[in-house]
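J.: The residues making up each chain are set out below.
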Amino acid sequence: METKITKEEIIHVANLAHLQMEDASIDKFAEQIGIILKYFDTLNRVDTEGVKPTSHAIFLTNAFRDDEEKKHLNREEAMAGAPEKEEGYFLVPKVIG
Amino acid sequence: MEFEPVIGLEVHAQLKTNTKIFCNCPTAFGAPPNTHVCPVCLGMPGVLPVLNKKVVEFAVRMAIATNCQVAGESRWARKNYFYPDLPKGYQISQYELPIAQNGYIDIETDIWKQRVGITRIHMEEDAGKLIHDPARACSMVDFNRAGVPLIEIVSEPDIRSPEEAGAYLRQLRAILRYLNICDGNMEEGSFRCDANVSIRRKREQAFGTRTELKNLNSFKHVEKGLYYEIHRQKEVLMDGGQIIQETRLWDPDKDRTASMRGKEEAHDYRYFPDPDLLPLVISQEWIADIKNDLPELPEAKKARFKNEYGLPSYDAELLTSARELADYFEACVSFFPAPKQVSNWIMGSLLGLLNAEGKTIEQSPISAENFAGLLKLIQEGVISGKIAKTVFEEMAKTGKPPRMIVEEKGLVQVTDVSAIEGIISEVISENAKQVEDYKNGKTKLLGFFMGQVMQKTKGKANPKIVNQVLREKLGG
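Taken in order, these protein sequences are the chains called R and S.
In terms of the working numbering, the first sequence is residues 1 to 97.
In terms of the working numbering, the second sequence is residues 1 to 476.
Here chain R stands alone, though its shape is the one from the complex (with noise of 0.2 angstroms):
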């Protein structure tokens, strides 16, 4: 069968979405993925030369809020859940140098 996308892109991808896979499922995935990009060709049947692209599925624009601070967390509520914290701060793995 011809497959949409490589196992290199599947990898990629992976990588992009910090995604661990064995190396057993990439072709399996490949497949998977193929499949839907597949649905894709038959979509792109469809004429839709002077049709404005769609970003939204309602037709509504322009949602504001005015610039007034409102009421949001303490720092406990906020912190709550944080695994790790320590002075207000969360912690997290080192993340350069």
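Honestly, the hints are just simulated from the structure, not real lab data.
A few of these clues could be false.
[To be verified] Now the stretches of chain R that chain S is said to cover, found in silico as 3 or more residues with beta-carbon under 8 angstroms: (1) 51-60; (2) 87-94.
[Claimed, not checked] Calculated Cβ distances over 12 angstroms to all of chain S for the following chain R residues: (3) 7; (4) 13; (5) 18; (6) 25; (7) 38; (8) 39; (9) 40; (10) 48; (11) 68; (12) 71; (13) 75; (14) 79.
Glycine included, every Cβ here is placed at the ideal spot set by N, Cα and C.
Starting from the structure of chain R, add chain S where the hints point.
T.: For chain S alone, coordinates are given in the frame of chain R:
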């Protein structure tokens, strides 16, 4: 081989709104960590961002001020990447349809005049702040800044030297501050700059491979970083090497740039329209309203200062570098309509004082009215220019009106000829030796006699009259 640098700048300006771009949390700088946060800016599941109208208004102000076309319809996009300062795993930004495109600003200095194109301006949210613990394998995250509104202003690659880059940035910052939409503080990070740099042989059309410089967090670092990077690229090419497209970090301690990440690690952001946010439609009426409310901008004000007040370029440039300073100057002139004299005293004395004390013009201890009052006293002959310096220093210390200081300290200039004659007679009789020397041709001693008279009058004698009477009395 002669090379020419090609530079384009990306500026992030934090907008001075009260609240964040998509939630009601305050934006104030310097609060204790994680105290200006809510479910929206923390990226909790199920929340809905709602756009702050003021952000749009501010962005449109900048768009008009930089001669951009404002988009009738623009859209929000998600820029996807993982970093601990980004709670949602994506940044809400604009991609395909930014709020403004195709503008320019004109930069004029004494040496050159130049137009720099603005490719685009878009709105986005700021990320949180990371503090890296040097001793441990962890970083600390503060989300107070997450969701603070930014506009990113992207220039065309029209800049050809570090000095031009500096001039462009100063002009951009002046405009933002005139518009009162960003405080332009590079050290605090409310005005940030990344630079794209490449070099090419003179008269060549094609661009060379570029690098992106980050961490340029002062005007000085921008210019130094660019100098270093241009020089580095020249050396690589002269040695027969090739420039690698990469992001480089300016290290201000070591005065050099170092590779941060190469293209192969470059992000793939997978932008797509944010389904949580509706398209933004800006009507012509709204644009016209914003335009009508715009203040006079730096370039226009500078031109007006030259025409209306007859000031030289240098004075006009300096006085219009900040709106508050220009306002101060104009207030002074309204009290004392001698623009060049006002300009001289502001540039010579007032700015020196403010610099020395690390103050801005809004914090000036001397009001415009009092400042003008001082110049009036000189003009009326009440005090000499020299005494004026003393009065000025006293005004700086106490903030009192100059006339009050002059009266309290008894600094009124002595212009009474007979009083001055009396003092001169004293000086002559006390310094017989010098008088004789003077009469024998040592006319340089006139300064000595002047000094003696000034000492006796504590500097209050009108120098013109003293000079005249001295010459008469000493004969010669």
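J.: Just double-check residue 39 of chain R for me: nearest Cβ-Cβ distance to chain S has to come out over 12 angstroms.
T.: Check passes; 18 angstroms lies beyond 12 angstroms.
J.: Would you say residue 48 of chain R is clear of chain S, with no C-beta pair closer than or equal to 12 angstroms?
T.: Answer for residue 48 of chain R: holds, closest chain S Cβ roughly 17 angstroms.
J.: Mind verifying the non-interface call on residue 18 of chain R? Its CB should be farther than 12 angstroms from each CB in chain S.
T.: violated, 6 angstroms
J.: Quick one: work out the minimum CB distance from residue 25 of chain R to chain S and report holds if it exceeds 12 angstroms, violated otherwise.
T.: holds, 21 angstroms
J.: If we take the beta carbon of residue 7 of chain R, is the closest beta carbon in chain S still more than 12 angstroms away?
T.: holds, 17 angstroms
J.: Classify the label on residue 13 of chain R as holds or violated, using whether its beta-carbon is more than 12 angstroms from each beta-carbon of chain S.
T.: violated, 9 angstroms
J.: Run the C-beta distances from residue 38 of chain R to all of chain S and say if the shortest one exceeds 12 angstroms.
T.: Residue 38 of chain R is indeed farther than 12 angstroms from all Cβ atoms of chain S, at 20 angstroms.
J.: Quick one: work out the minimum CB distance from residue 71 of chain R to chain S and report holds if it exceeds 12 angstroms, violated otherwise.
T.: For residue 71 of chain R, whose nearest Cβ neighbour in chain S is about 8 angstroms away, the distance does not exceed 12 angstroms, so it is violated.
J.: Does residue 75 of chain R clear chain S by more than 12 angstroms, comparing its Cβ with all Cβ atoms of that chain?
T.: About 5 angstroms separates residue 75 of chain R from the closest Cβ of chain S, which leaves it inside 12 angstroms; violated.
J.: Is the claim that residue 68 of chain R lies outside the interface with chain S correct, judged by CB distances over 12 angstroms?
T.: The claim breaks: residue 68 of chain R does not keep its Cβ more than 12 angstroms from every Cβ of chain S (closest is about 7 angstroms).
J.: For the region 51-60 of chain R, do three or more residues have a beta carbon lying closer than 8 angstroms to a beta carbon of chain S?
T.: Answer holds; 5 residues pass the 8 angstroms Cβ test.
J.: According to the definition I'm using, a residue is off the interface if its beta carbon is farther than 12 angstroms from all beta carbons of the partner; does residue 40 of chain R meet that for chain S?
T.: holds, 15 angstroms
In summary, the structure is inconsistent with hints 4, 5, 11, 12, 13 and 14 from the numbered list given earlier, while agreeing with the others.
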